[in-house]
Every structure is written in structure tokens, then in C-alpha cells.
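Asks: Go ahead and model the full structure; you've got the sequences and the hints to work with.
As you go down the protein sequences, you meet chains A and B in turn. Note that the first sequence covers residues 821 to 1050 in the numbering used here. Note that the second sequence covers residues 821 to 1050 in the numbering used here.
Be aware that one or more of the hints could be misleading.
[What the hints assert, rightly or not] In silico EDC-like cross-links for lysine to aspartate or glutamate, where the CA-CA straight-line distance does not exceed 20 Å:
| hint | chain 1 | residue 1 | chain 2 | residue 2 |
| --- | --- | --- | --- | --- |
| 1 | A | 871 | B | 855 |
| 2 | B | 871 | A | 855 |
| 3 | A | 871 | B | 1021 |
| 4 | A | 831 | A | 894 |
| 5 | B | 1045 | A | 1021 |
| 6 | B | 831 | A | 874 |
| 7 | B | 1045 | A | 878 |
| 8 | B | 886 | B | 855 |
| 9 | A | 1045 | B | 1047 |
| 10 | A | 871 | B | 874 |
| 11 | B | 1012 | A | 1015 |
| 12 | A | 871 | B | 1047 |
| 13 | A | 1045 | B | 1021 |
| 14 | B | 1045 | A | 1047 |
| 15 | B | 871 | A | 879 |
| 16 | A | 952 | A | 933 |
| 17 | A | 1045 | B | 933 |
| 18 | B | 871 | A | 874 |
| 19 | A | 831 | B | 1015 |
| 20 | A | 1012 | B | 879 |
| 21 | B | 871 | A | 878 |
| 22 | B | 831 | B | 878 |
[To be verified] Covered stretches of chain A, as calculated for chain B (at least 3 residues, CB under 8 Å):
| hint | stretch |
| --- | --- |
| 23 | 998-1005 |
| 24 | 1025-1032 |
In short, the hints are calculated from the structure, not lab data. Quick reminder that beta carbons are idealized off the backbone N, C-alpha and C, glycines included.
2 protein chains.
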Amino acid sequence: MKRGDLAAKPKYVQIQELIIESIEGQAPNTPISSERDIATQLMVSSMTVRKAIDALCEEGILYRHKNKGTYIADKKLRKTGSPLLILEAQEQDSKYKTLYFDIKSRDDDNIYEQLRLKEDDQYLIVVRLVLKADVPYSIEEIYISRSNTSSADLKNLDKVLDLEAYIADGILNQVFNPMLVPTQYANLLKIKLNEPIIRVDSLISHKTGIPYVFIRSYYNPNIMKIEITI
Amino acid sequence: MKRGDLAAKPKYVQIQELIIESIEGQAPNTPISSERDIATQLMVSSMTVRKAIDALCEEGILYRHKNKGTYIADKKLRKTGSPLLILEAQEQDSKYKTLYFDIKSRDDDNIYEQLRLKEDDQYLIVVRLVLKADVPYSIEEIYISRSNTSSADLKNLDKVLDLEAYIADGILNQVFNPMLVPTQYANLLKIKLNEPIIRVDSLISHKTGIPYVFIRSYYNPNIMKIEITI
DNA sequence: TAGTGGTCTAGACCACGCC
DNA sequence: GCGTGGTCTAGACCACTAG
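Replies: Encoded structure:
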């Protein structure tokens, strides 16, 4: 970390934080100061203030009324932005219990298609139980191309399985499948046989389209609803 | 429409369109011209070009590499941006068959909670079958506050049910529930009894937090997967 | 008419990647 | 050292709202 990096944050980010501070505790639909006023007060260009407010609007913290003003949005309905997968990681009380681990060659065409593997490529599979407050929350089957993981990584599975890192700068595609809980997972999830659940198939790719990792999640419907806000 | 509105589109939108045209047919990961070059060619400020490229990156059509350049993203993995609900409306071959229509007073506490209705408020309920290419795709139960709809609107149900209009400037919250297909809907959706499906509960609200409409959709899992890309 | 958000200019400097 | 994206300035004009 260099010395000059003390003021490393761009001004518009600092202004975002200032605005968030200043509206804290205020009721939704209260107007904030005008862009010009804020720019004058902070002695910055109005374009810089505008960029900060743009971002906060994008996040759903503020909203604009043309020719009228900028207002505080209803926080209850703030845009989440975070994909479902991250919900698990964000809440810190998650525990993981690895059920199975292996390196496989071609035996599941679907996985090969998803990860765009070639005939003789190998892939890693990890099956783990996700617990929240010691209650079974979901089961994740994680598939990663063997060529994406160094031998050193194999000894440090946590790093390989840091899904947040994959997702941070990537693209997430999720497909929701209704099904009855697989018999081999019913006990682990502590739900009844024949109970309907949602299996989420997630493919995380780089923006270039190269897939990183494919995850099948079987969610316990009694613990947490799958929910998104846009 | 005023005369001066011929050039009503902001420059940055026009530039977006120019860029999209210019990259058509090109392979993903091909670099586009630098911001400065585009600005010079089009004789506009670099900030204006930047704003156009910003938007295209946000849409997942381009991506940037710091200090290197801006590239064409893999279109297969383009961010959808459009919430699930709109998928139906976008594809123009959808047909709707209204199964039921009524104005109700309090008889479902959940609806009252979702729409934030008061004790003596009324709500509209419309149940309709959604067909795609004449195949049953989903059943929608649509709930709207009576006070949000004028008497004139009641004669023009299509306008009331133009969900896209509601969503365009609003916030969408969706909860995914696994369940067995309700017996009264199995035949209509042409799926077997006891088949697992996903019911999506959607609440569309204004940015101020005021709910517009609540929709329960029962999707036919055999016709189309529920899928999102972020 | 005064104030607001929305657009736009014509430059500038910086940090970083690549050669 | 050159080119890139990222940030920022100090203004300007427009269309629109509201008093």
C-alpha cells in the first residue's frame, strides 16, 4: 500500500458515503439537497456529485423526479443487487460440511456441457451441506474444471470454494427447477420424502464467456424463501 | 410532438446505437475503438462517449479492461436486466384467457398485507391462463387495489393488466415457492397431479414503496425453465 | 421566474499495462 | 514512453415544474 493511497477513494465514492450518512434516519420520500447545492458545499464539480447520485439511484437508495428533486427511497424495497448465492456467504454464521469430494472424468454429459469441457478433461466435484445456525439450509454440488485449479489449490479447498471471489467480476446464470427432494438428500436436509423443493443450477462465468464453476443447490424450503428484488 | 424534437434522442443514446451497430457480427472479446478515438471521430466530448459505453457495459454488451481497452462481451451471457415477468410480455405470441374476475373485500389476509390495504378496502382479482404458441405456460392470479383503478379502467381490463407499464419505473420483488401443482390448475396447465412446480409471488411497487400490484404465477415446468442472468 | 434534473463540452491529470 | 480507462473540472444550455 502506497503512501499516496490514503486518499485513494475517488471523490464520487466519498460523496456517496456522505450522502448516505446525511440521510440516515430520515423518512423515505424526503428530498435531499439539489445537485448544485451539494457541489457548492463540497467544492466539487456538479458532474462529480451527479455521478455519486447516479450510483445511489442505481442502488435504489435514492430516486429522482425530473425538474423537481432527488428523494430518499423506501429502504425496505432497496434493490439487492446481490445474487442469491451470495446470500449464504454474506451471513457469517454459515457452516459447511463436506460430504463428498472427488476428481472425475467424463461421466455426466450435462456437466461437460455447462463447463465446456473437452472429451479428456477432468473436473472436481465437491458436495457439501450448508448449515445456518446449525439448521440444514441447502446442499451444494460444486463442479469445477480440473484445469482451473492448481495442485496447490487442491490442498486449500476453501480457496477453491470461495464462490464470492468467482462471482465478484463475473456473470451469474441461474435456472430454477422444481422437483421432489432427492431421496439421498431428504434426511440430510431434514425434510420429508416427496416434499417439493427448488433446485437452483448456477453457472458462474467470466465476462468473456468462459465458465468458472457450476453449482447445483438443493434448498430447504422450510428454512428460507428464495427471493430476489430488482 | 414538437418540431425541435426531431433530434430528441440524447447524443449518448445515439452513440450507444452506433456502437451496437458497429459491433454487430463481430466476435466476442474483440476490442472496440478507444474512447478518445470514438470521441474524435464523432466530434463529441469524451465524457459523452464514456457515458454511452458505461451504459453498454451495464447492459453486459461490452466490458472494460482497465488501461487496456473496451471489448465486446459474449452475447450468450448478456445480462438480461428484464425481470421474469416481462419475459412473457416480450414474446409477442402470448395469449391470455381470463378464467375469473371479481372485486373482493377482505377474505385473504396475505393479499391485504402485500398490498398494504386497510380493513375496508377492496381489491380486484383476475385469474388468467397464459398461453404460448397455444401451449399452457402459466396461470396468473393478479391482485390490484380497487382504489388504484378507476371505474373507467374496469371496462378496459387490458390497460389495468399491462404489467410492463407498472414495472417500467418500479421495483419488483419475487419469491419462489416450490409446491405441488394445485389440483384446480393441473388440468388447465396440462400437467399431472402431484407434479412439483414453482409458484412465483411478485410484488411490484413504486420506488416510494407504495405497492401497485401483487401477482401469483404458477409456472408449467415442462414448457419453460425459470432463468435469470446477472 | 427561479430552481431542478438532464445533457454536454473541451479540456486536464492519474495509474496502470504493454512494448 | 505511449495509449488506455478512470476521474474530475467549471462552466454551459435545455426542458420542465412550481409558485
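Asks: Each hint should be assessed against the structure and marked as holding or not.
Replies: Evaluated hints:
no., hint, in the structure
1, 871(A) <-> 855(B), "holds (18 Å)"
2, 871(B) <-> 855(A), "holds (18 Å)"
3, 871(A) <-> 1021(B), "violated (34 Å)"
4, 831(A) <-> 894(A), "violated (26 Å)"
5, 1045(B) <-> 1021(A), "holds (11 Å)"
6, 831(B) <-> 874(A), "holds (18 Å)"
7, 1045(B) <-> 878(A), "violated (28 Å)"
8, 886(B) <-> 855(B), "holds (12 Å)"
9, 1045(A) <-> 1047(B), "holds (17 Å)"
10, 871(A) <-> 874(B), "holds (12 Å)"
11, 1012(B) <-> 1015(A), "holds (16 Å)"
12, 871(A) <-> 1047(B), "violated (32 Å)"
13, 1045(A) <-> 1021(B), "holds (11 Å)"
14, 1045(B) <-> 1047(A), "holds (17 Å)"
15, 871(B) <-> 879(A), "holds (18 Å)"
16, 952(A) <-> 933(A), "violated (32 Å)"
17, 1045(A) <-> 933(B), "holds (17 Å)"
18, 871(B) <-> 874(A), "holds (12 Å)"
19, 831(A) <-> 1015(B), "violated (55 Å)"
20, 1012(A) <-> 879(B), "violated (42 Å)"
21, 871(B) <-> 878(A), "holds (14 Å)"
22, 831(B) <-> 878(B), "holds (18 Å)"
23, 998-1005, "holds (count 3)"
24, 1025-1032, "holds (count 4)"
Hint compliance for this structure: hints 3, 4, 7, 12, 16, 19 and 20 are not met, and every other hint is.
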